[in-house]
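Trainee: Chain residues, written in single-letter form:
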Amino acid sequence: MAAGLAMRVRLQPEGLVPLTALAVWQRHLLQNPPHALPPAEALFIGRVRSTTASGTPLQALELEHYPGMTEAQIERLALAVAARHGLAQVLVEHRVGRVLPGEAIVLVAVGADRRGPAQRGCLELLEGLKHDAPFWKREWSGGVGRWVEGNTPLSRVQESL
Amino acid sequence: MAAGLAMRVRLQPEGLVPLTALAVWQRHLLQNPPHALPPAEALFIGRVRSTTASGTPLQALELEHYPGMTEAQIERLALAVAARHGLAQVLVEHRVGRVLPGEAIVLVAVGADRRGPAQRGCLELLEGLKHDAPFWKREWSGGVGRWVEGNTPLSRVQESL
Amino acid sequence: MPCPEAPGLITVRLFAGLRERAGWSERAVAIGTGQPRPTAADLWCRLGLGDGTGKPEGSLPGALRIAINQTFAHADQELEAGDELAFLPPISGG
Amino acid sequence: MPCPEAPGLITVRLFAGLRERAGWSERAVAIGTGQPRPTAADLWCRLGLGDGTGKPEGSLPGALRIAINQTFAHADQELEAGDELAFLPPISGG
Numbered sequence: 001m002a003a004g005l006a007m008r009v010r011l012q013p014e015g016l017v018p019l020t021a022l023a024v025w026q027r028h029l030l031q032n033p034p035h036a037l038p039p040a041e042a043l044f045i046g047r048v049r050s051t052t053a054s055g056t057p058l059q060a061l062e063l064e065h066y067p068g069m070t071e072a073q074i075e076r077l078a079l080a081v082a083a084r085h086g087l088a089q090v091l092v093e094h095r096v097g098r099v100l101p102g103e104a105i106v107l108v109a110v111g112a113d114r115r116g117p118a119q120r121g122c123l124e125l126l127e128g129l130k131h132d133a134p135f136w137k138r139e140w141s142g143g144v145g146r147w148v149e150g151n152t153p154l155s156r157v158q159e160s161l
Numbered sequence: 001m002a003a004g005l006a007m008r009v010r011l012q013p014e015g016l017v018p019l020t021a022l023a024v025w026q027r028h029l030l031q032n033p034p035h036a037l038p039p040a041e042a043l044f045i046g047r048v049r050s051t052t053a054s055g056t057p058l059q060a061l062e063l064e065h066y067p068g069m070t071e072a073q074i075e076r077l078a079l080a081v082a083a084r085h086g087l088a089q090v091l092v093e094h095r096v097g098r099v100l101p102g103e104a105i106v107l108v109a110v111g112a113d114r115r116g117p118a119q120r121g122c123l124e125l126l127e128g129l130k131h132d133a134p135f136w137k138r139e140w141s142g143g144v145g146r147w148v149e150g151n152t153p154l155s156r157v158q159e160s161l
Numbered sequence: 001m002p003c004p005e006a007p008g009l010i011t012v013r014l015f016a017g018l019r020e021r022a023g024w025s026e027r028a029v030a031i032g033t034g035q036p037r038p039t040a041a042d043l044w045c046r047l048g049l050g051d052g053t054g055k056p057e058g059s060l061p062g063a064l065r066i067a068i069n070q071t072f073a074h075a076d077q078e079l080e081a082g083d084e085l086a087f088l089p090p091i092s093g094g
Numbered sequence: 001m002p003c004p005e006a007p008g009l010i011t012v013r014l015f016a017g018l019r020e021r022a023g024w025s026e027r028a029v030a031i032g033t034g035q036p037r038p039t040a041a042d043l044w045c046r047l048g049l050g051d052g053t054g055k056p057e058g059s060l061p062g063a064l065r066i067a068i069n070q071t072f073a074h075a076d077q078e079l080e081a082g083d084e085l086a087f088l089p090p091i092s093g094g
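Taken in sequence, the protein lines are chains A, B, C and D.
Just so we're aligned, residue 1 is where the first sequence starts under my numbering, counting upward by one.
Just so we're aligned, residue 1 is where the second sequence starts under my numbering, counting upward by one.
Just so we're aligned, residue 1 is where the third sequence starts under my numbering, counting upward by one.
Just so we're aligned, residue 1 is where the fourth sequence starts under my numbering, counting upward by one.
Treat the hints with care, since some could be wrong.
[To be verified] Which stretches of chain A does chain D cover? Using the computed rule of at least three CB atoms under 8 Å from a CB of chain D, they are:
1. 62-69
2. 81-95
3. 126-137
[What the hints assert, rightly or not] Partner residues are not named here, just some residues of chain D that face chain A (Cβ under 10 Å, in silico):
4. Thr11
5. Arg19
6. Arg46
7. Gly48
8. Leu49
9. Ser59
10. Ala63
11. Ala67
12. Phe72
13. His74
14. Ala86
15. Gly93
Honestly, the hints are just simulated from the structure, not real lab data.
Positions of the beta carbon are idealized from the N, C-alpha and C atoms, including for glycine.
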């Protein structure tokens, strides 16, 4: 880990409450000098939609992962983004298992000295999670499960940052 | 306000605790259907640095604003960004008065159906606050106050999004 | 024959470093009847707000912004009685 | 004369839709001694994981990704005894 970088990657089988996870993370930073709350912090929270990709009501999302590789791969992605932008802090929490509509599925928090690196780091890390971390979603609707293959494109942002 | 847009703009003379402000905002959304927690939420927290622009230890930051115009101007900026990106929710909380190193000075939370609009909306609104909302910072260091004129540029992100 | 207008007042406000250099934050300025309506640049000169660097009369510092009735406005917009005019030094928000 | 190597095992893992179509999630596959080392594409064919669409032997579906020992790898990387090989259908994280 780069000197001074505070990093935490967690897979959550039980539930992910973003504001609680952030409070725990802030306490950790404040209690472990020289870490501190960053001047610029960019965050992203993703939650489960109430409908499937085809528009039917969603009962639940099932998230499969590759135990061991998924954690290691997220850490690799986070370290690469942190090095590229000189980040001070990276927190990633990601649900696995069965997640209900409205529940949080992913939380990314990136801290830096300036807003530009924090924002770019948060965007890039989220794209990494979407495309390069081994997660597979299955949408359950009407008692039937359907694997989601791939992600929605991000359009302009991805290429331009 | 656009149909379905939940918007809150607050100037905080007393103190801004981002996680508490977010908890209050979430409760408001959940208690006022059809508002709900958004599938994609991009957030930014800015905090006061421990040093001045010239590198000396910062005692405090003093934030002057234009009562009436500042709130109205933030609302105009937020409505424009929300319309441009089809946002569902915008929260802006900004400190005024005397702010100490490490304290939060600004919180922006933008909710949308997809991550692209949420992220772009959050970036643009923060740039609006930096450059087009009437706030003036004075850095206090060694008992002397110096007005900060202008902001650090965002470089690549601003033009490309 | 139209009635002569009563003289009107414009409220002028200054902020931050500009307020401190001038030594005041708010003034009421009378605008005469029968004269061309003043602009922000006119009042900037009339109130002696220039920095003495020899800029020609009527010109405003480039970084300065103008608000009329709490909305950003162009410096050459004509003012009316009752308007609130503010001179805004460079913004540093967020 | 070098000693003949004992036959080695490769662990093959499948995930998500691919696991369900195949009907299994993990298998140990023996690789013979004295033969060229197999690649992921070789094992894909040997395990009958193709979708029967008549793709030539040795080719993998374009959207499929490979991990060897829990790290992304090229499909033509040669495998060794003890390796863990995973076939990963298109990712949908975050």
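Trainee: Now tell me if each hint is right for this structure.
Mentor: Do the hints match the structure? See the list:
no., hint, in the structure
1, 62-69, "holds (count 4)"
2, 81-95, "violated (count 1)"
3, 126-137, "holds (count 10)"
4, Thr11, "violated (12 Å)"
5, Arg19, "holds (8 Å)"
6, Arg46, "violated (22 Å)"
7, Gly48, "violated (20 Å)"
8, Leu49, "violated (16 Å)"
9, Ser59, "violated (19 Å)"
10, Ala63, "holds (7 Å)"
11, Ala67, "holds (6 Å)"
12, Phe72, "holds (8 Å)"
13, His74, "violated (15 Å)"
14, Ala86, "holds (7 Å)"
15, Gly93, "holds (3 Å)"
In the structure shown, a violation is registered for the earlier hints numbered 2, 4, 6, 7, 8, 9 and 13, in ascending order.
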